[in-house]
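Colleague: Protein chains in written order, with our numbering: chain A, 1 to 448; chain B, 449 to 616.
Derived by calculation from the structure, the hints in this document are not laboratory data. Certain hints may be false.
In silico negatives: residues of chain B with every beta carbon more than 12 Å from chain A [unchecked claim]:
| no. | residue |
| --- | --- |
| 1 | R528 |
| 2 | Q531 |
| 3 | S537 |
| 4 | R563 |
| 5 | K574 |
| 6 | G575 |
| 7 | A577 |
With a Cα cut of at most 30 Å, we get these calculated DSS-like pairs of lysine-lysine [stated by the list, open to error]:
| no. | chain 1 | residue 1 | chain 2 | residue 2 |
| --- | --- | --- | --- | --- |
| 8 | A | K195 | B | K582 |
| 9 | A | K295 | A | K341 |
| 10 | B | K612 | B | K494 |
| 11 | A | K195 | B | K612 |
| 12 | A | K69 | A | K89 |
| 13 | A | K295 | B | K582 |
| 14 | B | K574 | B | K535 |
| 15 | A | K195 | A | K69 |
| 16 | A | K170 | A | K195 |
Note that the coordinates shown come from a computational prediction; the quantities given were computed from them, not determined experimentally. Ideal Cβ positions, reconstructed from N, Cα and C, are used throughout, including at glycine.
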Amino acid sequence: MNLFKKTNAKPVTAGLHKIVLFWIVVMSGLSLAHNTAYAVVEIDITQGNVEPLPMAVTDFVSDDDIGTKISGVIAEDLRRSGLFAPINKAAFIQNISNPDVSPRFEDWRIINAQALVVGRVSRETDGRLRTEFRLWDTFAAEQLLGQQFFTRPENWRRVAHIIADAIYEKLTGEHGYFDTRVVFVSESGPRNDRKKQLAIMDQDGENLRFLTNGDDLVLTPRFSPSRQEVTYMSFAQGQPRVYLLQLETGQREIVGNFPGMTFSPRFSPDGQKVIMSLEQDGNANIYTMDLRSRKTTRLSNTSAIDTSPSYSPDSNQIVFESDRGGRQQLYVMNADGSDQKRISFGDGSYSTPVWSPRGDLIAFTKQSGGKFSIGVMRPDGSGERILTTGFHNEGPTWSPNGRVIMFFRQPAGASGPQLYSIDLTGYNEQRVDTPNFGSDPAWSPLLK
Amino acid sequence: MNLLMSVSRNPVALGLAVALALTGCASKNSLPNSPGELGLAANGAKPGSQQDLTLNVGDRIFFDTDSAAIRADSAATLTRQAQWLAKYSNENVTIDGHADERGTREYNLALGARRAAAARSFLISKGVAANRIKTISYGKERPVAVCDDISCWSQNRRAVTVVKGAGS
Chain A
1 MNLFKKTNAK PVTAGLHKIV LFWIVVMSGL SLAHNTAYAV VEIDITQGNV
51 EPLPMAVTDF VSDDDIGTKI SGVIAEDLRR SGLFAPINKA AFIQNISNPD
101 VSPRFEDWRI INAQALVVGR VSRETDGRLR TEFRLWDTFA AEQLLGQQFF
151 TRPENWRRVA HIIADAIYEK LTGEHGYFDT RVVFVSESGP RNDRKKQLAI
201 MDQDGENLRF LTNGDDLVLT PRFSPSRQEV TYMSFAQGQP RVYLLQLETG
251 QREIVGNFPG MTFSPRFSPD GQKVIMSLEQ DGNANIYTMD LRSRKTTRLS
301 NTSAIDTSPS YSPDSNQIVF ESDRGGRQQL YVMNADGSDQ KRISFGDGSY
351 STPVWSPRGD LIAFTKQSGG KFSIGVMRPD GSGERILTTG FHNEGPTWSP
401 NGRVIMFFRQ PAGASGPQLY SIDLTGYNEQ RVDTPNFGSD PAWSPLLK
Chain B
449 MNLLMSVSRN PVALGLAVAL ALTGCASKNS LPNSPGELGL AANGAKPGSQ
499 QDLTLNVGDR IFFDTDSAAI RADSAATLTR QAQWLAKYSN ENVTIDGHAD
549 ERGTREYNLA LGARRAAAAR SFLISKGVAA NRIKTISYGK ERPVAVCDDI
599 SCWSQNRRAV TVVKGAGS
């Protein structure tokens, strides 16, 4: 599915030596310096509050409002990341009417816009939308990016997210995460009679679509890393089982033929296996099923509750929770089930571990002192950090670049859960708006 | 069914309400039959029905936090359930296991299953045939009491015995 044709636009200025933003965050903030060696932009994401980079995203030039809509989505993506501070358009001095000529850099420097985004949207004779943009370093007076995209008009939001990802990647050196989706459980109705539906939306909450009609209780959807496919748990026909759902066809099937409740599914990093728990006689153990051979493999064998398995991105290890020691704690084992060892030792209980796509951290839910927190620790259990604490926070999921965590929060009282995102630093907590209550979010990989 | 589920948290109150309704009904319409002649228990429940189990035996037991241990009060309820099942040997049951909302979703699914399994084992130990008892867990998805303190949580940590065909 090749929705987008991308070509590089010719840079307006040429022949300048490489001058880039050199971006280091040292606890307190941001320092900008010119560096003539290599394009190196670094963010220390493990500590400190990141001071967002002031920048200007101008209205993209177009005959109708589509240009402004696209640049608006780009600015909003960048703002929500917490790493960029798009400047109020009312402060702009120069009006960009032709994005192909060099901007008046002094007009942008004077309002402290350290980066400038300009663009144009037009329609090809075949009806396709053509979107061009340029990213400028205003202090170096140099173009950092120039690209154009062709797509059908209904994909305009995706073009905006792809451009926002390109800008994010150029300025931070990390992959973006804006051209992604979130699958979650949409909840409506009273707390003792909740209707739950699988739903999917863009990461910014737009383009929401329901995947189930609410007749069956559905829980814990998870994206395939490689296909347009979701695994989740459903109580259809009164049999709580793990299912696969093809997003493009709507086709669904039960995963495996197990004698008891299967739950807590997740894909392996190559998308070829589902790992999950099987409950029998009150015990829960961890199994995998290979989706091609249908072969099932048992990985744990205890009289405890072993659940919430999640692979390391290299597929060599699995983190899971178990109450084999008395209460829920996190354990790591090899992918074949060998060498199971506990990694969480703090006060309270730990659950719902999820391995970061970067491999360096494990996110979890922690219960302690009557509060529910979202935190991270290294795979060896060291370096525990709590990102947010309150009455009830649960179920973290990672953005595909390992930078942002989404989770759900149930406030005390009769209302319902909502989705939130938070930066790995613990800053920039943002509500993710959904039309109904929302829980069990799972972030997709970057779209292809 | 929803009405029954929401009121049946207080079986005594429901029993009284049903009894009063029946009495009122009988006198107003001068029906000749007493509840006993109609084959009903004193509180109007049809013997061998879900309502009979709920009102006259006790359909549910409760658990301590994160525990599936059968408490002494629960053992008494389950023993009565086993006697009831011996009397109505054509009825099969499903035990619905539940957790309170103060836990994470996956664990609570397993905990509800563990509670249902504990109740089932107890009934089997009292002579109920294993193939008459199914179990299912709803985790924390089906609270009957909704508030944010222990008065509700303790009611939600439960295993409910449902006569097959009665729904849950």
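Colleague: Could you run down the list of hints and mark each one as holding or not?
Modeller: Each hint, compared with the structure:
1. Once the 12 Å rule is applied to beta carbons, B/R528 is consistent with being away from chain A; the minimum gap is 22 Å.
2. Listed as outside the interface, B/Q531 is consistent with that label: its C-beta sits roughly 24 Å from the nearest C-beta of chain A, beyond the 12 Å cut-off.
3. A cut-off of 12 Å between C-beta atoms confirms that B/S537 is not in contact with chain A; the least separation is 24 Å.
4. Not every C-beta of chain A lies more than 12 Å from that of B/R563, the closest at about 8 Å, which undercuts listing it as non-interface.
5. For B/K574, the non-interface assignment is confirmed: its Cβ lies about 18 Å from the closest Cβ of chain A, beyond the 12 Å cut-off.
6. For B/G575, the non-interface assignment is confirmed: its Cβ lies about 19 Å from the closest Cβ of chain A, beyond the 12 Å cut-off.
7. Separation of B/A577 from chain A is adequate, the least Cβ-Cβ distance of about 16 Å exceeding the 12 Å criterion.
8. A threshold of 30 Å between alpha carbons decides the hint, and for A/K195 with B/K582 the separation of about 25 Å falls inside it, so the pair holds.
9. Between A/K295 and A/K341, the direct Cα distance comes to roughly 26 Å. Compliance with the 30 Å bound is thereby established for this hinted pair.
10. Pair hint B/K612 plus B/K494 holds up; C-alpha atoms about 15 Å apart against a cutoff of 30 Å.
11. Simply put, A/K195 and B/K612 have alpha-carbon atoms about 24 Å apart, close enough for the 30 Å limit, and the pair holds.
12. A threshold of 30 Å between alpha carbons decides the hint, and for A/K69 with A/K89 the separation of about 14 Å falls inside it, so the pair holds.
13. As the CA atoms of A/K295 and B/K582 are separated by approximately 27 Å, the hinted pair is consistent with the 30 Å bound.
14. With a C-alpha separation of about 13 Å, the suggested pair B/K574 and B/K535 falls inside the 30 Å cut-off, and the hint holds.
15. Using a Cα cut-off of 30 Å, the hinted pair A/K195 and A/K69 is violated, with the two alpha carbons roughly 34 Å apart.
16. The straight-line distance between the Cα atoms of A/K170 and A/K195 is roughly 43 Å, outside the 30 Å bound, and the hint therefore fails.
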